[in-house]
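There are 2 protein chains.
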Amino acid sequence: MGAISFKILEKIPGKLGRTGVLGTSHGEIKTPSFVVVGTKASVKALSPEQVSDLGAQVVLGNTYHLYLQPGDELVREAGGIGKFMNWSGPTMTDSGGFQVFSLGAAFGGSVNKFSQKGDVSQGSDSNKTTKLAKIDEDGVTFRSHIDGSEHRFTPERSIEIQHNIGADMIFAFDECTSPEADHDYQTEAMERTHRWAQRCVDFHKKSGKRNTQALFGIVQGGRFEDLRKRSAQVIGEMDFDGFGVGGSFEKEDIDTAVGWVNDLLPESKPRHLLGIGEPSDIFGGIENGIDLFDCVAPTRMARNGTLYTKDGRMNILNARYTHDLSPVENDCGCYTCLHYTRAYLAHLFRAKEMFAATLASIHNLAFITGLVDTIRDHINKGTFFEYKDMFLTRYYRKKSTSL
Amino acid sequence: MGAISFKILEKIPGKLGRTGVLGTSHGEIKTPSFVVVGTKASVKALSPEQVSDLGAQVVLGNTYHLYLQPGDELVREAGGIGKFMNWSGPTMTDSGGFQVFSLGAAFGGSVNKFSQKGDVSQGSDSNKTTKLAKIDEDGVTFRSHIDGSEHRFTPERSIEIQHNIGADMIFAFDECTSPEADHDYQTEAMERTHRWAQRCVDFHKKSGKRNTQALFGIVQGGRFEDLRKRSAQVIGEMDFDGFGVGGSFEKEDIDTAVGWVNDLLPESKPRHLLGIGEPSDIFGGIENGIDLFDCVAPTRMARNGTLYTKDGRMNILNARYTHDLSPVENDCGCYTCLHYTRAYLAHLFRAKEMFAATLASIHNLAFITGLVDTIRDHINKGTFFEYKDMFLTRYYRKKSTSL
Numbered sequence: 020m021g022a023i024s025f026k027i028l029e030k031i032p033g034k035l036g037r038t039g040v041l042g043t044s045h046g047e048i049k050t051p052s053f054v055v056v057g058t059k060a061s062v063k064a065l066s067p068e069q070v071s072d073l074g075a076q077v078v079l080g081n082t083y084h085l086y087l088q089p090g091d092e093l094v095r096e097a098g099g100i101g102k103f104m105n106w107s108g109p110t111m112t113d114s115g116g117f118q119v120f121s122l123g124a125a126f127g128g129s130v131n132k133f134s135q136k137g138d139v140s141q142g143s144d145s146n147k148t149t150k151l152a153k154i155d156e157d158g159v160t161f162r163s164h165i166d167g168s169e170h171r172f173t174p175e176r177s178i179e180i181q182h183n184i185g186a187d188m189i190f191a192f193d194e195c196t197s198p199e200a201d202h203d204y205q206t207e208a209m210e211r212t213h214r215w216a217q218r219c220v221d222f223h224k225k226s227g228k229r230n231t232q233a234l235f236g237i238v239q240g241g242r243f244e245d246l247r248k249r250s251a252q253v254i255g256e257m258d259f260d261g262f263g264v265g266g267s268f269e270k271e272d273i274d275t276a277v278g279w280v281n282d283l284l285p286e287s288k289p290r291h292l293l294g295i296g297e298p299s300d301i302f303g304g305i306e307n308g309i310d311l312f313d314c315v316a317p318t319r320m321a322r323n324g325t326l327y328t329k330d331g332r333m334n335i336l337n338a339r340y341t342h343d344l345s346p347v348e349n350d351c352g353c354y355t356c357l358h359y360t361r362a363y364l365a366h367l368f369r370a371k372e373m374f375a376a377t378l379a380s381i382h383n384l385a386f387i388t389g390l391v392d393t394i395r396d397h398i399n400k401g402t403f404f405e406y407k408d409m410f411l412t413r414y415y416r417k418k419s420t421s422l
Numbered sequence: 020m021g022a023i024s025f026k027i028l029e030k031i032p033g034k035l036g037r038t039g040v041l042g043t044s045h046g047e048i049k050t051p052s053f054v055v056v057g058t059k060a061s062v063k064a065l066s067p068e069q070v071s072d073l074g075a076q077v078v079l080g081n082t083y084h085l086y087l088q089p090g091d092e093l094v095r096e097a098g099g100i101g102k103f104m105n106w107s108g109p110t111m112t113d114s115g116g117f118q119v120f121s122l123g124a125a126f127g128g129s130v131n132k133f134s135q136k137g138d139v140s141q142g143s144d145s146n147k148t149t150k151l152a153k154i155d156e157d158g159v160t161f162r163s164h165i166d167g168s169e170h171r172f173t174p175e176r177s178i179e180i181q182h183n184i185g186a187d188m189i190f191a192f193d194e195c196t197s198p199e200a201d202h203d204y205q206t207e208a209m210e211r212t213h214r215w216a217q218r219c220v221d222f223h224k225k226s227g228k229r230n231t232q233a234l235f236g237i238v239q240g241g242r243f244e245d246l247r248k249r250s251a252q253v254i255g256e257m258d259f260d261g262f263g264v265g266g267s268f269e270k271e272d273i274d275t276a277v278g279w280v281n282d283l284l285p286e287s288k289p290r291h292l293l294g295i296g297e298p299s300d301i302f303g304g305i306e307n308g309i310d311l312f313d314c315v316a317p318t319r320m321a322r323n324g325t326l327y328t329k330d331g332r333m334n335i336l337n338a339r340y341t342h343d344l345s346p347v348e349n350d351c352g353c354y355t356c357l358h359y360t361r362a363y364l365a366h367l368f369r370a371k372e373m374f375a376a377t378l379a380s381i382h383n384l385a386f387i388t389g390l391v392d393t394i395r396d397h398i399n400k401g402t403f404f405e406y407k408d409m410f411l412t413r414y415y416r417k418k419s420t421s422l
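Heads up: the protein sequence lines correspond to chains U and G, in order. According to the numbering used here, the first sequence is numbered sequentially starting from 20. According to the numbering used here, the second sequence is numbered sequentially starting from 20.
Extracted from the complex, chain U is given alone in its bound form (with noise of 0.2 Å):
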């Protein structure tokens, strides 16, 4: 018996998206669903509570963020993440290998500004500069973002830290790579990657913590077919609870490439999108056979003002809405909406109060919780496609009017 079930409920006729139940010690997840990112085991700006009352499910920390800080062994001491920050329901881990690749090698947040791949150093070329992560066989040597001190992660010490932290499911350690690096580096990266993943996969078992926390495994490739196809064929194959969709993909290619994944992977475990929370990429990776998705766009926009409406985004701060007394969203029913007006916010953002975050991201999270929570239903009715015409429609008309 593993550390989570899944049992698939009903399918979007000829695609691969599906709705279902992901059962774990600390309840049951509603699948599709959005995963809330609390990096570093907190959600920013809300409560565990407020976190709950908006109707997230589930909880994913940062494995980089805290090895490094306050220590994976603490957070073990403390009895794990969801008791460290008194989150009770579901949680993930991360494997640490993006922000190791993007954080750790001091080049930018993101990994969309990773340029050619000459900007991490790659195998034999890894003496090249010493600012960047070191890949070898191995794993990763890569320095803090907070204090430029030398770590290094394996699939192992990845895994171990993973356990540490003892979120319900967790993530082999992969390598990350920028979705504008060529064929033959993606294919590299890949098979170190299934490498890796054959570790971790060998090291959890060896663990003996099979029963208490499930191990995803990770897709790579890049943007090219053949090599997704490859990758979806090996990890799926692998012994794996779930698989992860690594996000090393433009934009636009996000739908087909997890298509040719999905397509591949064994049909009964779940299957999460890595780092991906944009309205019309929810639709796609749902209709695509997406289950589980984390971002932290909702949140971050949040705190800069930025509001999701089903009429497309809205800048708080834009100065019509200073004497506005309605709330953001008239239909919508989360705290944000229920008990505050529109000129109440642009007050808190001017103000520069905490609350005004607060507030936004509540509003944020519940509105793509939520809108997640919705395609469930119509895919369980049958109307997912009428459904998704009618929000992409509505929301993408007015897309860039404020921003």
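Read the hints as simulated data drawn from the structure, not as lab findings. There may be inaccurate statements among the hints.
Identical chains share a label here; the pair holds if one copy fits it or two copies do between them.
Restricting the straight-line Cα-Cα distance to at most 27 Å, the calculated cross-link-like pairs of lysine-lysine (DSS-like) are [to be verified]:
| # | residue 1 | residue 2 |
| --- | --- | --- |
| 1 | Lys400 | Lys329 |
| 2 | Lys102 | Lys371 |
| 3 | Lys371 | Lys63 |
| 4 | Lys224 | Lys34 |
| 5 | Lys225 | Lys288 |
| 6 | Lys400 | Lys225 |
| 7 | Lys288 | Lys49 |
| 8 | Lys49 | Lys34 |
| 9 | Lys371 | Lys400 |
| 10 | Lys228 | Lys248 |
| 11 | Lys34 | Lys228 |
Once you have looked at the hints, place chain G on chain U.
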């Protein structure tokens, strides 16, 4: 029938201190009570539910800040400060006097930073500098600390703005002097404050707001016994619903000065000590007849990582707490202490997570409101002095341990 009612329940034998119930149209306040400050219509880092859950009974907004932004007219249109900020309990506003003379005059954020009287332009000297607030018999001209724009408050204007903000209890417009100002200047300022007080009473009566908003007069007079007593007599005879004691005295004089004043003020009306919140001052104020306190110290200290405990203050950023899995206080029943460890708070502060300020503010406000609640219980039981000795001995024994 006035906007508030006040009933005295028990007294401290041989002293001016008492417990009571202050009734407002937004609920009753058990007194003595600590008033939580929500300067810009938000208690920093907290939701109104968190404010209520930690035991706060009443919130005070700052007229100066709300007038400048978002504007008192907007707050009125939004239904008043309570509705605007989603706080359903009793509310107060100050008169703006303190901020006009500190922030508005652009020389530091605290009245204790006033140096000798020359810092505030005074009466006939008012043209000395354009940087400072300019006082004349009719009112004060000052510059916004936000954009430097020029504004003018008169007693009538302050009351009009407070009518727009719409709190249950409002304050007369007073001149806030430096505690170091000499007897001559304190006399001059006090006499002007008395004339302004009468104008506030007259304007408030004419406005027809007496049955919805209670007006408190403010006793000034600095550290001088003759002036404090004179001010208490003059202000006490005016038709106010309650009284404020202005905080223009040195810390060591507070108990004495409060005693002079409250001995003369009408016993049947509530008394508010403005801007004071240290545990020793709370005991001293209550013993000498104070019913209400407000102070930003608990939340301001919280945001800096300084936490109240019964053994004195602790600085959660001290290295010894990074691996301390006990709560801030073992016997504290606040949300923070029930659910989080010192190590988690230490981590959040180091990680610069906003939730650090939330958890620390909850603890500090719960500590101070809880302290006042406990003092009230001991007055009712007749054990005030025993509790005061016990608390202060323990608290100040270790006062400077970690600060």
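Hints, verified against the model:
no.: 1; hint: Lys400 with Lys329; in the structure: within (21 Å within a copy, 58 Å between copies)
no.: 2; hint: Lys102 with Lys371; in the structure: between (31 Å within a copy, 20 Å between copies)
no.: 3; hint: Lys371 with Lys63; in the structure: both (16 Å within a copy, 10 Å between copies)
no.: 4; hint: Lys224 with Lys34; in the structure: neither (34 Å within a copy, 73 Å between copies)
no.: 5; hint: Lys225 with Lys288; in the structure: within (22 Å within a copy, 74 Å between copies)
no.: 6; hint: Lys400 with Lys225; in the structure: neither (43 Å within a copy, 64 Å between copies)
no.: 7; hint: Lys288 with Lys49; in the structure: within (14 Å within a copy, 58 Å between copies)
no.: 8; hint: Lys49 with Lys34; in the structure: within (19 Å within a copy, 63 Å between copies)
no.: 9; hint: Lys371 with Lys400; in the structure: neither (44 Å within a copy, 44 Å between copies)
no.: 10; hint: Lys228 with Lys248; in the structure: neither (30 Å within a copy, 74 Å between copies)
no.: 11; hint: Lys34 with Lys228; in the structure: neither (35 Å within a copy, 66 Å between copies)
Checked against the numbered hints listed earlier, the structure breaks hints 4, 6, 9, 10, 11; every other hint is satisfied.
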